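**Student:** The lines below spell out each chain.
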Amino acid sequence: MTTARNLLRIPVARVALAVLAVVLLLAVVGGMLAPYDPLKQYPQTLAGPSAHHWLGTDYVGRDVLSRLMAGTRLSVIGALEAVAVGLALGVPAGLASVWMGRLGEWVSLRVTDTLMMLPFTVFAIAVAGTLGNGLHQAMIAVGVLTSPGFFRITRAVALGLRTTHYVEAAELMGASRWWTLRTHIWSKVLPNVAVAAAHAMGSALLVVASLAFLGLGIIPPTPTWGGMLSSDLGFLEQQAWAPIFPGLLLVFTVGSLNILADCIREAASGEARRRRGGVLRRAAGRRDHTPIGIPVTPVGVVPTDEEEQRRVVAA
Amino acid sequence: MASATTGATLTPQTAVPAAASTRRGGAAPHLLAALRPLGRLLLTTATVLFLASVITFALGAFSKSNPAATVLGETATEQDIATMNHQFGLDRPLVPRYFTWLGDALHGDLGKSWFTTVPVSDSIKQALPVDLSIALLALVLAILLGTGAGVAAALRAGGFVDRAVTVVCSVVATLPPFVIGIALIVLLAVKARLLPAGGYVALDVDPVQWLRFSILPALALSIEVAANIARQLRTSLVGALRENYAIGAEMRGFSRRRVLFGHVLRNAISPTLAVIGMAIPLIIGGAVMTEKLFNLPGIAQLALQSAQRGDVPVVLGTLLVTAVIVLIGSLVVNALQLMLNPAARRAGTLTGGAR
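These protein sequences, in sequence, are chains A and B. Take 319 as the starting number for the first sequence in the working numbering and just add one per residue. Take 653 as the starting number for the second sequence in the working numbering and just add one per residue.
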């Protein structure tokens, strides 16, 4: 819990959390708060902002503000579902892989390689083409492709910890695997997983938007941020500013998630007072090597874990 | 200043473990030592290819759509379904079906479309050059733009260029890729009227026209990857410039430029190569978006159209071919890493190690 307290001490983290709280609120009650029915078409199409329609209307005369508010739910739920699937598959497998023996390790790493190699959009198209075109299918597909990131970060941290003296000592003194896992390993794995989850959530929002653009997962009249963005982009000649609203909402949400991830990393490694770069660098996220943006360098772990992992893989 | 030095020591890029160097032993011949990582890489690649084929086949096997229902729709009778299933070999057990499918795929036969009965490999052969040529151009552009921006940012860390690069990278990282593509269309095609907004001419028909049509999609594809490369390169360059050897070289009177290009760049390039390796799925996946945006007759359009019709063999074929392309790309990047960096020779994982 010191991590959570450290986190709240960082001003940028508080702002990011506030933005995310608003988005979450919109996701829960946005449809009810919306001033108009998001599907109702009004006579004045492509209208500018006015007292009636604060953000104007779209190409068939639907109220943009209402659509934005109502569309938050599906966008957020889709991304949450993908991240949940990724977590459920990746984290237990990552923990288990440390104790699985050489063959199990090799196989699990190759499965990870395979999943990391498949491009999101092509895989999502294939899933839609074979298993049906729905939000759940698309998001489970995205979640499956997200899981290697969680697998690798969990495994890297657990592997590094397993060779530390206190864990070895606990094992020598007869501690069971569960006990070691709960007492020593879980608390170190959790912040890393939280960082990865925040990043993955941001990336998943972008993937949901991209899939909506392709017409995958979400059937058109239902509003989502990505769907609004792509339909606005067809009417740039008449309404050049229209994509700005869903675009800004997306940028703020994804940016906040990246900032949050960076701040959790900072809070967990106990360097809360040291500033490392501005808000923008945080917002960019450190999606270094993985496609969905889960950084693979763990925090607060002995730096030899990578070498350890390599030795295990190579042996 | 104190925090800066601790920051540099906390992030060692390549620590050489003593155990790993002794493990290979002095007695082993040099050739064998050089071949072993390569062999491991090939074994890994073969396994990944096998797993990818299993995943692809499983998607088809779990699919509820069958040729008769998709082609004939509501009017399909039980008998029609049985005949069609027999015709496409869908009434056989899964395991032999998988091996037949895999064997055929290895010979370049991916089955036939349920709708047109055109061989899938023929459709893919038509669409593939479009993607490959544009993806390659995008990769070149991404490396040029990313390296340029990364080096420029690292040359004066904290300066104006550095800040500008950071701002651009942050915005790019928080936007879905198709928005960047559309922004490029609006700026360069609609407003400036420099380039065509869509369409395609094959490379072997007219190279100049090809470049005119493909430079915009390639640029749209490359921006995100370029931002990733720039960010990684900047981070590793700034880190490496604080290492003792770089400071030492600078103290001996070499210019900062000379230290950067002569000494530091070579060491910083390896993590960047890993980013490029990971960029290949990004580019191929992004190709779907750009193909739809720029109306290119590529493999992703084929996949998308077939998916909407429920044409399973074509969908599976495109997924498998895409996986193979990405695999070949990462094999090349891995081989490059092995050649460039002796330390990476110990890390045989496919996706460029977890570094």
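Hints in this document: simulated from the structure, not taken from any laboratory. All of these numbers come straight from a predicted model, not from anything done at the bench. Mixed in with the good hints there might be a few duds.
Pairwise CB distance ranges (calculated) [unchecked claim]:
id, chain 1, residue 1, chain 2, residue 2, range
1, A, 323, B, 687, 46 to 56 Å
2, B, 777, A, 406, 48 to 58 Å
3, A, 355, B, 842, 49 to 59 Å
4, B, 843, A, 320, 48 to 58 Å
5, A, 486, B, 714, 38 to 48 Å
6, B, 815, A, 552, 42 to 52 Å
7, A, 504, B, 897, 54 to 64 Å
8, B, 752, A, 332, 52 to 62 Å
9, A, 497, B, 710, 48 to 58 Å
We put the beta carbon where it would ideally sit given N, CA and C, even for glycine.
**Student:** Quick one: which hint numbers does this structure break? Sort them smallest to largest.
**Tutor:** Hint check: 2, 3, 6, 7 and 9 fail, others pass.
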